[in-house]
Amino acid sequence: MSEGRIYSGDEVPGDREIACDVCVIGSGAGGSVLADQLVSRGLSVVMLEEGGYHTRSEFDLTESNAFPNLYQELGNRTTDDLSISILQGRSVGGGTTVNWCSSFRTPKRILDHWRDVHGVEGLSEEALRPHWEAIERRLHIAEWPEDRINRNNRVLWDGCGKLGYSRGLIRRNVNNCANLGYCGMGCPIDAKQSMLVTIIPDAVEKGLTVYANASARRLQLQGRRVASVEVEILDPKTNTSSGKRLTIRPKATAVSCGALNSPALLLRSGLNGRGRVGKRTFLHPVVIMAAEFDEPVEAFFGAPQSVHSHHFVERGPGKIGFFIEVPPIHPMLAATTFTGFGLPFEQMVTRLPYLQACIAITVDGLLPGEEGGTVGLRGGEDRRLKIDYPLGEPHWEAFREACKEMAKIQFAAGARQVASLHFEPVVMRSEAEIGKLDRAPWEKLRVRVVTAHQMGGCAMGRDPERSVVDSRLRYHDLDNLFVVDGSVFPTSLGVNPQETIYGISRWGAQHVAAAV
Amino acid sequence: MASRSQPDSRRTFLKKGLLGGFVLSIGGAGFLLARSTRQVALPGQPLAVLDPTEYSVLQAIAGRMIPQRAGFPTVEQVGVALNADGILLRADPYARKEVKQLLKLFENALAGFVFGGRLRPFTQLAPEDQDAVLREWQNSRLEIRRTGFQALRTLAMAAYFGSTLAWAASGYPGPPEGFHQPDAPVWRGGGAKRPEGNGVYHPELSRE
Numbered sequence: 001m002s003e004g005r006i007y008s009g010d011e012v013p014g015d016r017e018i019a020c021d022v023c024v025i026g027s028g029a030g031g032s033v034l035a036d037q038l039v040s041r042g043l044s045v046v047m048l049e050e051g052g053y054h055t056r057s058e059f060d061l062t063e064s065n066a067f068p069n070l071y072q073e074l075g076n077r078t079t080d081d082l083s084i085s086i087l088q089g090r091s092v093g094g095g096t097t098v099n100w101c102s103s104f105r106t107p108k109r110i111l112d113h114w115r116d117v118h119g120v121e122g123l124s125e126e127a128l129r130p131h132w133e134a135i136e137r138r139l140h141i142a143e144w145p146e147d148r149i150n151r152n153n154r155v156l157w158d159g160c161g162k163l164g165y166s167r168g169l170i171r172r173n174v175n176n177c178a179n180l181g182y183c184g185m186g187c188p189i190d191a192k193q194s195m196l197v198t199i200i201p202d203a204v205e206k207g208l209t210v211y212a213n214a215s216a217r218r219l220q221l222q223g224r225r226v227a228s229v230e231v232e233i234l235d236p237k238t239n240t241s242s243g244k245r246l247t248i249r250p251k252a253t254a255v256s257c258g259a260l261n262s263p264a265l266l267l268r269s270g271l272n273g274r275g276r277v278g279k280r281t282f283l284h285p286v287v288i289m290a291a292e293f294d295e296p297v298e299a300f301f302g303a304p305q306s307v308h309s310h311h312f313v314e315r316g317p318g319k320i321g322f323f324i325e326v327p328p329i330h331p332m333l334a335a336t337t338f339t340g341f342g343l344p345f346e347q348m349v350t351r352l353p354y355l356q357a358c359i360a361i362t363v364d365g366l367l368p369g370e371e372g373g374t375v376g377l378r379g380g381e382d383r384r385l386k387i388d389y390p391l392g393e394p395h396w397e398a399f400r401e402a403c404k405e406m407a408k409i410q411f412a413a414g415a416r417q418v419a420s421l422h423f424e425p426v427v428m429r430s431e432a433e434i435g436k437l438d439r440a441p442w443e444k445l446r447v448r449v450v451t452a453h454q455m456g457g458c459a460m461g462r463d464p465e466r467s468v469v470d471s472r473l474r475y476h477d478l479d480n481l482f483v484v485d486g487s488v489f490p491t492s493l494g495v496n497p498q499e500t501i502y503g504i505s506r507w508g509a510q511h512v513a514a515a516v
Numbered sequence: 517m518a519s520r521s522q523p524d525s526r527r528t529f530l531k532k533g534l535l536g537g538f539v540l541s542i543g544g545a546g547f548l549l550a551r552s553t554r555q556v557a558l559p560g561q562p563l564a565v566l567d568p569t570e571y572s573v574l575q576a577i578a579g580r581m582i583p584q585r586a587g588f589p590t591v592e593q594v595g596v597a598l599n600a601d602g603i604l605l606r607a608d609p610y611a612r613k614e615v616k617q618l619l620k621l622f623e624n625a626l627a628g629f630v631f632g633g634r635l636r637p638f639t640q641l642a643p644e645d646q647d648a649v650l651r652e653w654q655n656s657r658l659e660i661r662r663t664g665f666q667a668l669r670t671l672a673m674a675a676y677f678g679s680t681l682a683w684a685a686s687g688y689p690g691p692p693e694g695f696h697q698p699d700a701p702v703w704r705g706g707g708a709k710r711p712e713g714n715g716v717y718h719p720e721l722s723r724e
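Same order as they appear, the protein sequences are chains P and L. So the first sequence is numbered by my numbering: it starts at 1 and just counts up by one. So the second sequence is numbered by my numbering: it starts at 517 and just counts up by one.
Treat the hints with caution; some may be incorrect.
[Claimed, not checked] Computed far set for chain P versus chain L, every beta-carbon distance over 10 Å: (1) Ile-6; (2) Asp-15; (3) Ser-40; (4) Ser-83; (5) Ile-189; (6) Glu-205; (7) Gly-275; (8) Arg-384; (9) Trp-396; (10) Val-516.
[Unchecked claim] If you want the footprint, here are the derived chain L segments under chain P, 3+ residues with CB under 8 Å: (11) 552-566; (12) 580-592.
[Said to hold, decoys possible] Calculated pairs, DSS-like style, for lysine-lysine (alpha carbon to alpha carbon, straight line, at most 25 Å): (13) P/Lys-404 / P/Lys-444; (14) P/Lys-206 / L/Lys-709; (15) P/Lys-162 / P/Lys-386; (16) P/Lys-408 / P/Lys-319; (17) L/Lys-616 / P/Lys-162; (18) P/Lys-386 / L/Lys-709.
If you are wondering where the hints come from, they were derived from the structure by calculation, not from laboratory data. Fair warning: this is a prediction, and the values are worked out from it, not measured in the lab. The C-beta atom is built at its ideal place from N, Cα and C for all residues, glycine as well.
Let the sequences and hints guide you as you build the complete structure.
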């Protein structure tokens, strides 16, 4: 097979029809691995990506360029009420171009839960292991050495050590990493082993055709089959319609747009999965604590995430667990994520090099009756997704306890002062003051809640009345439509999701190939 | 600029439920009062999204969010409202429209009267009263106003701290030099040789 190519929107001469074996919609962790597996089997594959083809030549390490080019809605995606900010990637490589490189295999208890509660079949550790091993080799996934962790992560490491909390070093998908700290803005030296520089080019060498700036608007159905994919080509400069259209005519189609966007494409196509599409959307909702130290932390430099604590990931029946990591702190993301305004806010900003932050990532979707959020459409010309995520008492309890634990860790590591991200920040000067958090308002839009992990919305399961795809990732009521990305998770994970998506995609490729 | 006589009936984030509808209708119907906005000098280049009133209101909000302080460039020097105009230009058209409505509502004296008993538009208030208005929105019992505050805060902060001019104020030294290569080759396949570094697989480097 001759070598494929990556086209940007401005290289598409005009309306075209393209026949192929498989159309993969989305170029993130799910779509890329799937496409590579399919071209390796000799199939002709067209991969579509709504975002642009941005490479290290453009990764100038500024937030003002990174967010518009590499994130959904310029980094401003949120739930409808703005109560949860959503960081989600959007470019060739999807989230893998901008994630912070944390790589975990899926916890066994999650796979067991999917099997026992959601009727998922065949997705065991044993089934996934060879796929994880292959991906780990290709992406150079390895534990980050303790002597290279930055001070921001060191606080979490030391604090957990002092308190006797379990802690671990994170495995990262990097090769010759220079420890810069700009993973979230696109790696300028291609050290991050994102899909952009590994599996997508591998697949292109084997014949994959990629269209960037190509927005799949609708799947056209014929009986129980997807007959074509209608694609709008966007102008790479303005991100608006160029007026050009592609029509892809595949034998099988894989929707790999990621959570939130995959359910939206199905809904636009009139596929609501008996009312289940968009339901059970999980976000790993995150709360944050900011600590100030006497010595510089410089949380803007160094591998952003290298330490984790899963000490509180299982908290007993009726409670939502959480795990703790740290985020990088760059000026724009910090200023928009932190709270307050005026002189007190500026005072905190002047201390930026001395700030450390911990994030608690709550593990949603595991409690009985916990349904998570919903993705819907607004209708008419308004293309924005309608994202709702109600936060209930178990979430607020977990947020409160997580913030208290993070403050303990930060004080144990020597913080001079710790502040919550309440709209009116709760400021504590010693561990004795942590009780202040019990009296703080734990309500939406009174404290910042964010997410960088989007999951669910096209849940996998046995029962078509309760799930969207079956255990072969096939849409229940159609013969040649698959969903291959994080949206098939029936719950959240309790770990950063990229490696789970790689594994499920590589495992699921056999089923997609069998439908051709 | 022509004003709508009818508030937009489409469901927006400002128009949730009965109360939201009421809030928005104040924003639409009170346009006459917005004439008294204290206009600030417009930038040398044309605005793409914001009208002069919206521009002035946003600049005033940003001026209280990030007030003058030693070591901090002013919002005028950074060009916060102009930067925000650029951000909005690339945003979804509906999001753009909602921000414009929100800015008008925020400025509107009738809304200010209903919410806080003030008769003057936001831009005409003394700085301490402006801070009080911002705090009222931030801590309002009405969720819809806290949503509005969050939208305006995010826009102002992104427009200020997205600028390299703001780096020094925070003690951020900027990114390390010598790593970004603007002239790095862009590989698209099509038979061209894949450049070194572009994830080329070196089996000898992988762990076994």
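Hints and how they fare:
P/Ile-6, annotated as away from the interface, has a beta carbon of chain L within 10 Å; the closest lies near 5 Å. With a cut of 10 Å on Cβ distances, P/Asp-15 stays outside the contact zone with chain L, its closest approach being about 22 Å. Annotated as non-interface, P/Ser-40 keeps its C-beta farther than 10 Å from every C-beta of chain L; the closest such distance is 14 Å. With a least beta-carbon separation of about 8 Å from chain L, P/Ser-83 fails to lie farther than 10 Å from that chain, contradicting its non-interface assignment.
A cut-off of 10 Å between C-beta atoms contradicts the statement that P/Ile-189 is not in contact with chain L; the least separation is 6 Å. Look at P/Glu-205: its CB is around 7 Å from the nearest CB on chain L, not clear of 10 Å, so calling it non-interface is violated. For P/Gly-275, the non-interface assignment is confirmed: its Cβ lies about 21 Å from the closest Cβ of chain L, beyond the 10 Å cut-off. With 10 Å as the threshold on Cβ separation, the claim that P/Arg-384 sits away from chain L is violated: the shortest Cβ distance comes to roughly 5 Å.
For P/Trp-396, the condition that its CB be more than 10 Å from all CB atoms of chain L holds, with the nearest at approximately 15 Å. Residue-level check passed: P/Val-516 sits 22 Å from the nearest beta carbon of chain L, beyond 10 Å. Note: the region 552-566 of chain L has 0 residues with beta-carbon separation from chain P under 8 Å; the three-residue rule is not met and the coverage is violated. With a threshold of 8 Å between beta carbons, the proposed coverage of the region 580-592 of chain L by chain P holds, since 7 of its residues qualify and at least three are required.
Our distance criterion of 25 Å between C-alpha atoms is met by P/Lys-404 and P/Lys-444, whose separation comes to about 18 Å. A distance of roughly 13 Å separates the Cα atoms of P/Lys-206 and L/Lys-709; the hinted pair therefore holds under the 25 Å criterion. Straight-line distance between C-alpha atoms of P/Lys-162 and P/Lys-386 comes to about 44 Å, which puts the hinted pair past the 25 Å bound. This hinted pair checks out: P/Lys-408 and P/Lys-319 have alpha carbons roughly 20 Å apart, not beyond 25 Å.
The hinted pair formed by L/Lys-616 and P/Lys-162 fails the criterion: a straight-line CA distance of about 51 Å is larger than 25 Å. The suggested pairing of P/Lys-386 with L/Lys-709 is violated, with an alpha-carbon distance near 43 Å, which exceeds 25 Å.
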